[in-house]
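Put chain U with the ligands on the given structure of chain E with help from the hints.
These protein sequence lines are chains E and U, in that order.
Residue numbers for the first sequence follow my numbering, so the first one is 67 and each next one is one higher.
Residue numbers for the second sequence follow my numbering, so the first one is -19 and each next one is one higher.
Just so you know, these hints were derived from the structure itself, not from any lab.
Here the structure is a predicted model, which is why all the values come from computation and not from measurement.
Among these hints, one or two may not hold up.
Said to hold, decoys possible - Some, not all, of what chain U presents toward chain E, calculated at C-beta under 7 Å:
no.	residue
1	327
2	328
3	479
4	511
5	512
C-beta atoms are modelled at their ideal positions from N, C-alpha and C, and glycine is treated no differently.
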Amino acid sequence: MALLESRGLTVSYGGLHANDQVDIDITEGKLVGLIGPNGAGKTTFIDAITGFTPLSAGTVTFDGVDLEGKSPDERAHLGLTRTFQSLELFEDLTVRDNLMAAAEKARWNSFITDILMPGRGERAYQQQVDEALDALDLAEHADRLPSDMSHGQRKLIGVARALAARPKLVLLDEPAAGLDTQESQKLGFKLREFLSSGMSLFLIDHDMGLVLNVCDYIYVLDFGRIIAHGTPAEVRKDPTVIAAYLGESAGEAQASAGTALNTATEEQS
Amino acid sequence: MSVWLVFALLGVGTGSLYAAFAIAIIIVYRGSGVVNFAVGAMAMIPAIVYAELRATGDLVLPVILLPDRYDLGGPWGFWPSACIGLAVGVVFTLVAERLVFRRLRGAPAVTCLVATVGLTVVAQGLMVRAAGAGTRRTPAILPDDVIDVFGRSFPVDRLWITGVVLVLGGGIAAGYRRTRFGIATRAAFLNEKGAILLGLDPRRLGQINWLIATLVAGTTGILASSMGGVSPFNYSLYVVPALAAVLAARLQSVMVAVLAGVGIGMFEAVTVHMVAKGHVPNLLQGGFSSLVPFAVIVVMLIVGGRTLPDRSFVVEPGQRPPAAPPRWWVWWPVVAVMCIMIAVGSSPLRFALLQTLFVSTLLMSVVLVTGFIGQVSLAQLSFAGFAAFMLSRFDGLGFPLAPVTAIVLTTVVGTLVSIPALRVRGVLFAIVSFSVAVVFDEVLYRSPTFVGNGGLARVAEPRLFGVDLGIYAGDDFPSRRFAFLALACCVGCGLVLVGLRRSGLGRRMFAVNSNERAAAASGIDVPGTKVTAAMLASAIAAVAGVMFAYKAVDFTGAGLSAQDGLQLLALAYIGGIGSIGGAVIAGCLAPSALAGYLLTGGGSSIEQYLFTGIALVIVTVAVPGGLAGLPDLLRRVRQQRRSGSLSTTAGG
Ligand SMILES: Nc1ncnc2c1ncn2[C@@H]1O[C@H](COP(=O)(O)OP(=O)(O)OP(=O)(O)O)[C@@H](O)[C@H]1O
Ligand SMILES: [Mg+2]
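Here chain E stands alone, though its shape is the one from the complex:
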């Protein structure tokens, strides 16, 4: 059984089916990708899985638990975290505190211990946060405010925050958008590293080079429906995908650029 399974997942906004009967499996320890043109419903899928938008039909199970009726924070505690396409950082907190806020698990009585002995429960989470900061090369910026940092770094803070709680599965919504090719490649390497530390990942991105090269398995969404799925090689050849999405020559170019990266990754490992 896969770590996360969606069955017949449907999300309607008024008459519009933003997601229509979507079945997606995310296998443990794998990096699963979701691609599709603008407005295909990719973010909607993440919103639905993480409890930010209600399902019209269908079920989602995560780690054997039916997610129905669970609030976003409960899902996060189960080990399901996400990043946002629009970043949504805690702008008033330092980078470290952004991660700390996500890493700490509050208990009902923690407000009393927090007030009486501030900082006591923190040590347990410090290490976790430091690891996440190191993983994304943010350690030296830990005490800065996100608003003082570059767009690329802000993207990484979002990813680090999602990693800080040591989740089982991280859903990444366009983490490479706005990064240059080099930064994006670097992110790709990092994602593969996280997998080896026992985490599973789900990646949405428009950067074909990134998606086709780092993912183990890919789903293609168009107008809210899954139109194809398979390994990167299969998806790249799939005629429906080419028609819907990769048809443009730009896509082709990106895909072949990605092949080069792929071989590079293999050589490294």
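Below, chain U with the ligands without anything else, positioned relative to chain E:
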């Protein structure tokens, strides 16, 4: 049946006022995105100018530094007085729009709202200075015959004013739908950038909308001055029912708002009749009718609200600049100075210090809800008042037990009140909390069961192991023992806040404040965090309330009203809403507190009230961190200038 109908009809007069204010609020909101608390003040200025011209022939102006009263010869008639009144109102609005709201374009909606609170305080202060605080009635303007309805006499002017407001509402609704200007306003509201590309000037549109709103509010204000009278303060209380009507119209439809406003007025009149008939439990007899707008607001917000904002919700930048880590060692000298003041200070100095301690403690609760978790609360003073009255109610239990009971009860009430408010945030939260304050003010502080007859409450002196800790203990009033006790309470609350700020819970509160969606995605229980914050804040407010009661010994609801709550929020913003230092600075600046004593020799005056309003407006426009944030702001500016000059030298 017919009796109820007559009472409902009697309510259409007040209802029309609410409706007119609601129209003005919607116009300003659609025109510039500001939820305008100052609509009452915008109606009050023309009405008082008009009333003075008719009564004495003097022109009074809401100005400082210039003479505010000019003799224009004998009493004037209706038309010249009304025109001059409206002209004064228009100029006031133009200046305010220019100096304040134009600079606040793009600022968080809550900041704009707070600025309108400041504007209200300024307008009230100026008019009290110019014309006095009393209520004045003007000669009838509309036909005021009395007719017979179901055997009861009924003044027809109520129907006339309703007619006027209905026509006004209909005309405005049609105008905004048909005319080029109305369509342009709508376009700019829905998509400001797009409107600019089309060659529209949103700032100019906003200005014209402010003017139209002033004319609507001012006209109604003048008409109403001949029915219920006008004082610098009374119209501001109509803002709550008007906001209820605005919410019923979902901040959109003028006609729905008009009908809702009139409807609320009718229901209020019916409830007044219910009280008179004894249909209402004794507990609620005070101002039962004020529950009507409150109910409308709560229902509208809960039906329309969401526990988490959705994707389209624009995340507003925080209410304050990034808070510097608390430098708690700064506080030991401050506490030491206060101890010295208590030990050797004169009686008025100690009294001023007590006031500072009370206000600082109370503002710490405001800092918690507003600064930490980001909900602008106008109800904290009401919770303090609740605790004070509870203390007097359970005074028989003896010293430690009675205040503890009062604090626990207040905490429970404060927590319960916060639960329905979980679904609202930002400006809407401020509206709910203000309506809560009005309900406390009108219902509880006047309830015969709750407060006792005449609204006068009394507490016995606190006594522990036979030692009198009360303010009258010993022969030096106010007693030093009591002052030390108050200082200890204030420091205790401060320590709670410092601890909180450095704890995981504090971090979660700041995270919720920054971005609720991201907080939820990071595993933070957003509603739980908000309720915890509300609970702690009401407990701190209750401590302040207990201080208030023991300090006053005999007290009524005076000083605890919704109006005072507005001034409190103003002080909190001036001091700095995000920090404990802000609370203490504001505590010093409060009326009758330390700053007043040291600078002017004590007492509170309308000048101070006015000064608070002006300072609030300046702070919202120019110093978002308040006085406590000033050093940080200056440091940032200096840093920016330095890096700016570096880059220019590097480039040159
Ligand atoms: N809250 C909402 N209400 C109504 N419609 C919505 C809402 N959120 C998304 N939609 C619509 O659902 C569709 C899918 O949107 P979604 O954001 O999921 O697409 P996407 O694949 O993430 O696109 P992009 O690549 O641009 O990020 C779009 O047509 C969008 O307009
Ligand atoms: Mg998207």
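Query raised in the report: For this structure, which hints from the list above don't hold up?
Result: 1, 2 and 4
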